[in-house]
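Full structure from sequences and hints, please.
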Amino acid sequence: MNVFLMNRECEASPNADPIFGKNDLLNDLELDRILDSMAGGDSAVRDICSAALLHPLLSLEEIRYRQSSLRDALSFPQAVRSFYRAVVNAFEMKRNSWYWISAFPSVSTRYQEAVRLLDFYADVLRKLRGLADFYWDKFVSEGFGNLISMLRKELNDDYFREIRDLLFVLTHDSGILISASLGSHAQGVDYVLRQKESPRFWGGWLFAPVFTLAPRDDAGATDFSNRKDLALTDAADALTQAVEHIEGFLKKLRDETAFFVGCLNLRDALHSVGMATCFPSLHRGMEADRNWEGLYDVSLALLVDLPIIGNTHRSEGNLLHIVTGANQGGKTTFLRSVGQAQLMSQCGMFCGALAFYAPLRNGIFTHFKREEDHTMTKGKLDEELFRMSSIADHLVPESLILFNESFSSTNEREGSEIARQVTRALLEKGIEAFHVTHLFDFAESMRNFPKVEFLKAERFEDGTRSFRILPGKPESTAFGHDLYKEVFGGQVPDSEDETRKSNPVPPSSQAPK
Amino acid sequence: MFYSILFPSHDLHEQPRRQEAPECFRDLNILPIIDSVLKGYSAYGLESLFYTSLDDSETIRYRQKILRDLENLSFRDALAQRCQTLFWLERTMNDLKKMLSSRLWYENSHLNHGRILETADRYCEEVSGLSSELDRFPPDSEGLSEFAIYLSSYLISEGYRKLEKQISHLKEGLSKIRYCMYIKDSSIRVRPFEGEKNLSARIVSDFEKFRHEPKTVEARKMMGEPYSNHVEAAVLNMVAGYNKEMFSELGCFCSANRDFMDETILRFAREMPFFLAWLSYLRPLKASGLHFHFPAIQTSPQHLYCRDGFDLALATQTEGKVVTNDFSFDHSERILVVTGPNQGGKTTYARMFGQIHWFASLGLSVPGSDSSLLFFDRILTHFGREEKMETLNGKLRDDLVRFRDLLEKATPRSIVIVNEIFASATLSDALVLGRHMLERLVNLGVLGVIVTFLDELSNFNQNTVSLVALVASDDPSQRTFRIIRKPADGLAQAMDLAKKHGLTREQLQMRIRQ
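As given, the protein sequences belong to chains A and B, one line each in that order. Using our numbering, read the first sequence as starting at 1 and increasing by one per residue. Using our numbering, read the second sequence as starting at 514 and increasing by one per residue.
Note that these hints are calculated values from the structure, not bench results. The structure presented is a predicted model; accordingly, all values stated were derived computationally and were not measured. Please note: incorrect hints may appear among the correct ones.
Here are the simulated DSS-like pairs of lysine-lysine, each with C-alpha atoms no more than 30 Å apart in a straight line [to be verified]: (1) B:K722 / A:K94; (2) B:K697 / A:K196; (3) B:K722 / A:K127; (4) A:K138 / B:K710; (5) A:K196 / B:K689; (6) A:K153 / B:K710; (7) A:K153 / B:K722.
Some chain A residues close to chain B (C-beta under 7 Å, calculated; not the full set) [to be verified]: (8) Q187; (9) D223; (10) F249; (11) I308; (12) T464.
Reference listing, derived: stretches of chain A covered by chain B, where coverage requires no fewer than 3 residues with Cβ under 8 Å from a Cβ of chain B [stated by the list, open to error]: (13) 30–36; (14) 73–79; (15) 208–222; (16) 238–247.
Backbone N, C-alpha and C fix where the C-beta goes; we use that ideal spot for every residue, glycine too.
Spelled out as structure tokens, the structure:
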């Protein structure tokens, strides 16, 4: 019995190998907050969602499959939560009322414990069947549809009758029946536990010859118990295995539904602050066309717990998107929103936007500015370049890299040159990149290349930010003096030209930005 | 027709054997050897074979040839295994026969009938296996070849064939029987098996749909037999109640075949260890480089010799690190007189002489690379015991009495070994007595070895040979343990020793300076 809610052909696992750069993605795109929201305090949900989010799908077909299951889940949240709850409750109850008494239980102890557990799990399965019955005509996706029909088919009434009958037979408080054949010296061998066929059973056995133990026959008592153990061993093994199998199935069910529970939690959280979600549309093709409408940073929305500004834009065939503009203008937030949306889309999830249309990317990487390396083993530039090199090792065709103020740990001239080299190579290889940067030189020099677009953080005349990112050419200043004025008060020279006039300074030693 | 692997004829086999070790064993240190050889074989009762020297050379040759055949290690091991199992089966059968006439109900039971059947089955397996081994390694010796022939004709005999068929018929019949036990509280009920459903299989199939991993077969740890005899016998009695015909056939088989095992084959299994134990004992010694061979046995004392001999007990103790020595008798030589320093290996030499002769007379392979030995009638020994000062006079008398007894028993075909007697007499008395002793021995014409401190005896007459235990030429305190033909030179040795310790007269004078 399989549960294929997330993928058509394989099962989800919290232990799947994460992609390269998992920690960078988690930190740079602030995914932890998103995962926390999905988890809602449940670590099993968090594990599955984390594994899924950090393992984006690479085929449109797989994404469509999962989206369809997710649509169903979003339509019937109660169903999904009920399935999840049923399994989680079962495990919790088991944890609370069962514990193996000794590390090496005897055969008959194992046997009895397993029978009791199976009885318990039979009830759990009955509950699941009940849920399947209730929702049988509601789900339309292949994933949930198959789950429901499988549960109804495999856990049908006949099956439960059979299980109940079996458990009754196994719960013998009276004697056990063993068949045997004769061994090399007529001793009993090949013990097999047999079923007592009532009522005919009693008729024949009542008149069967009998041997009864004398009251103090210790050797005989040991003999009896050894005999029973021998016969019960196979059955005990089979029962223990059966328990393991059922638990395995329930775990699968839990893990698969956990993902959708997580998505429900996230959607509910976002909608409750008035933020929209939508199902993205991905395409595969040489054109790197992108559209986004009302695209926002999901993690930020969860943090401030208020509606936040989204961005809207249309890009046709651009592989390089350079974003410049005022400090604290929302550039990093924008970059995050792009990364989150791309990642969530490729996990078959909805994303934080009114609409999102993007190409499928075979690899998603981030290269954000870091704090100084505390271990002092690398200088900052060294560290940046090292990180870039690691990314280069893992780049595959049609990847996406998000750069945030990269190569700025040196002066503008050097940094620009490095940025240029790297960016041109990426462009030539068809790798898409978003660059948030203050390196004016670099930005300018990319102007005449094909498939490049420029975006800017909007700034009004009075210096206030709108936090919107719109198309716009780079300016040589990031309007630091707006911030200076805000923080320090007082006036600052209006333009840099004025400053230069009064303090002639050779261009090469211009302070880096 | 073949009777025994130890003797070429029935009569020779029936000759009485000593049940006690001969007196010479103690002096010659043969007892530890026998103990080691027969370790693990105490149940076989082979001691008397080692205590009784053979007095016909035919048997000696008979045994030597068998030993030669057994030099093939895989053949020997295969035979050893079969013989051991047959011996064990014989004993098992004896126990079971006793139980058949027991008054305890659970001993005279179907379960024991079953055990008898199993024993019989196993017996057939071993016996035919034994024959296959003999086919695989056709022996040269008369003994083993004759046995192989006997075995082959036994296997095609009517009696044996009938036994095999009966066993097979019973096994087949019993294997078809299936029954059920109903165990509740403290009682067991038994009924025939009527196709009741297999519960374990039902469990597996009911939950198969949840399996997510391929089936792995867990190695089941082997449980010993769980039952205790009286319960299982009771169960089987109940089973027999439903299969009266089969079990009564089994019962008839058992009473009709109380002695189905062939006595000659059992005897073979019991007696083979005589050779097997000996060869096992020799094996580590051979591995450490010592030589063993089959001696030539001759009745006349002409040109007797042995090369590279050694004391077996000592060799085992030192794990093969022994010095080997020779002996020889030419022309009219009959008595070896061995002198030399203390702890020089003289007593060991004497023992070696005795041991080699003894084991040769049992038809076994002996230490050394080559030899021609006397076919003696008995070995008489007289080794000096520890002396106690108080009984000085008593000891001398004791020595003389014992020597007189020895002479009375000796014949010209005897071997006499004397070691350090008359040590408690004064030198002049000892010389007189010693010369008398030597004269009596020479007159008798015995073959012998005399170990003595009396150098003067070493060149008695043409019947005696002087041998000396050598010391290292550069360091007289070093023993070489080599005994060679040489005139006695005790004094010279003593002087060398004194020189080494700085105690010659000149040396001592130099040392005691005022």
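Note to self: Run the distance test for K722 of chain B versus K127 of chain A: straight-line Cα separation, threshold 30 Å.
What the structure shows: 18 Å, holds
Review point. Taking 30 Å as the top limit, are the C-alpha atoms of K153 of chain A and K710 of chain B close enough?
Key: 26 Å, holds
Item to complete: Take a quick look at whether K138 of chain A and K710 of chain B sit within 30 Å of each other, Cα to Cα.
Response: 42 Å, violated
Run the distance test for K697 of chain B versus K196 of chain A: straight-line Cα separation, threshold 30 Å. 13 Å, holds
Less than 7 Å between beta-carbons is the criterion; does Q187 of chain A satisfy it with respect to chain B? For Q187 of chain A, the interface hint holds, since the closest Cβ of chain B sits about 6 Å away, which is under 7 Å.
Within the assertion that chain B covers the region 30–36 of chain A, do at least three residues meet a Cβ-to-Cβ distance smaller than 8 Å? Contact hint for the region 30–36 of chain A vs chain B: violated, 0 residues under 8 Å.
*Quick one, is the F249 of chain A hint okay against chain B at 7 Å, beta carbons?*
Hint on F249 of chain A: holds, closest Cβ of chain B at ~5 Å, below 7 Å.
| said: Taking 8 Å as the Cβ threshold, is the statement that the region 73–79 of chain A is covered by chain B upheld or broken by the three-residue rule? | reply: violated (count 0)
Check whether three or more residues of the region 238–247 of chain A sit with their beta carbon closer than 8 Å to a beta carbon of chain B. holds (count 6)
Query raised in the report: Under the criterion that the straight-line Cα-Cα distance not exceed 30 Å, is the pair K196 of chain A, K689 of chain B satisfied?
Result: Distance of about 22 Å is within 30 Å: holds.
The hint names D223 of chain A as touching chain B; please verify it with the least Cβ-Cβ distance against 7 Å. For D223 of chain A, the interface hint holds, since the closest Cβ of chain B sits about 4 Å away, which is under 7 Å.
(message) Quick check on the hint: I308 of chain A CB to chain B CB, less than 7 Å?
(response) Violated. Min distance 44 Å.
When the structure is compared with the earlier hints, violations turn up for hints 4, 11, 12, 13 and 14 and for no others.
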